[in-house]
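Chains A and B are the protein sequences, given in the same order. The opening residue of the first sequence carries number 1 in my numbering; numbering runs sequentially from there. The opening residue of the second sequence carries number 1001 in my numbering; numbering runs sequentially from there.
Some clues are possibly wrong.
Below, a list of computed lysine-lysine pairs in the DSS-like style, where the Cα atoms sit at most 27 Å apart [as the list claims (entries may be wrong)]: (1) A/K97 with A/K36; (2) A/K97 with A/K8; (3) A/K97 with A/K74; (4) B/K1067 with A/K8; (5) B/K1067 with A/K36; (6) A/K51 with A/K97; (7) A/K51 with A/K74; (8) A/K51 with A/K8; (9) A/K97 with B/K1067.
It is worth saying that the hints were derived from the structure and are not from the lab. Remember, predicted model here, so these are calculated numbers, not experimental data.
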Amino acid sequence: MRFMVIVKANEDSEQGIMPTEQQLAEMGAFNEELVKAGVMLAGEGLHPSSKGARVRFDEDGGTTVIDGPFAETKELVAGFWILEVSSREEAIEWIRKAPFRGEEIEVRQVFSADDFGDALTPELREQENRQRATAAAQHGS
Amino acid sequence: MPDALSRTASATADLHRVVDAVWRMESAKLIAALTRVTGDVGLAEELAQDALVAALERWPETGVPAKPGAWLMATAKHRAIDTFRRAERLERKTALLGRELTEAEEPDWAAALDEVVEDDLLRLVLISCHPVLSREARVALTLRLLGGLTTDEIARAFLVAESTVAQRIVRAKRTLTAARVPFEVPAGADLTARLGSVLEVVYLIFNEGYSATSGEDWVRPALCQEALRLGRILAELAPGESEVHGLVALMEIQASRLRARVGPSGEPVLLADQDRGRWDRVLIGRGLAALERAGETGGALGPYALQAAIAACHARAGTVEDTDWVRIAALYEALAELTPSPVVELNRAVAVSRAYGAAAGLELVDVLVDVPALRGYHLLPTVRGDLLEQLGRRDEARAEFELAASLTRNVRQRALLLHRAEACGRELSG
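Next comes chain A alone, as it looks inside the complex (with noise of 0.2 Å):
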């Protein structure tokens, strides 16, 4: 099962501020250490809000865009991972090696087609595309 490991910004991320030398080379080791156990299939980190912007939708689906930067820091996304673990046990334990300080760290789940389950079997699934289809061709689209 795969997980998303979620790093929230702080100040310096949204400044700009790039990391010291040791904490590069921390995160360097500790990344090493999650593909060499073969679990990281992959870790990316973001630029500060400031360079980034949201596409806001109205009730008729029409669109806004506002520029970046955004205020809330502390409920912005800064980076993440994608684990491939045998359990949400493991996904935690792996982070709690990680080299952070003072920060929280979120580990949430990625969706497969077997978290459905039972609920959405083919049948549903096949059934479900046929209703889109038949929206879609009322809808004249």
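Fit chain B to the known structure of chain A by using the hints.
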């Protein structure tokens, strides 16, 4: 009171899951390091298991330590020293091994072991897949020592009795001890040869999971994940070995299709009919990167890398028609040269027919008709029938489809083949 009780029960269950996770992460390194020190993989595993039991006893009171791996290692170390001291007292003579251990108490083992751990892991993989062991024993020992799977999990994955697996593992350890298999990494061509046995085991585990259909016990499909994890670990342990990357690439790309290869009622969906939107892009990306690494290590591509390159052609193509069949035909030709096999030839024939037309493909298939190894193999007449039909030779095509239908044991497939035979017949008479 019931509340407090159930809280305790659920806390214990939670802790068990944490211990399982720690075991999965740390056990291979632990066993590898202990094998190096004790010279006996069986004893090493026992010591590691003892440390696990100690964790299950202690952690409910103390909580999970900050560095659980180091805790397990320190505990196993103490057990090892106790064991050797007891043996020493009993035998009233100084075992060389025991003295070394006592002296090694300071400086800290855990730290010393961390430094050399990578080579240890590779050694552990190599002895688990040592050629003195039967193929079944290699698979069981690898899953047990490297994957951290329990005997029960391995038994369920391979649909055999737990006692069978337990016996295989016990016998394998005995064989390794009796044969005095050294805990080492051979150099150069010897390493490549020994890794060949490792790759075979890993791919066997992968295929066992890949051939399992949905709805069965979860541990069977989980074997694919296990094999992938082992492959990814190997790629870091032996980065200079092209075929290791080749196998990883092959498994990543095949695994990318896991979701798409089963239809609504559980029937297998052939590559050509799969919904390519359901292929796992993350795994395809990783597979293509691994294939690139296989190419970068120099030399010609080996069998795994060639198969991965073929799989990559499909992965890159948006549709069947967009597929680079000319390249696939050439890759099959290279594969047939390295590992001559009638099945590879048959695949090559299909690729050639896609690239250069049905007549060119049929020429290759006709050569295979009298090959004894393919006698009774339903895909040969299926392919031949398909090519004959494309060429308008419908009476011959019908005979081939009927032959293929009589050879397959799959009911659905047989119905489909008979339907095609009938269609050829209809057009003949009509």
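Can you give the numbers of the hints that this structure goes against, from lowest to highest?
The structure breaks only hint 6.
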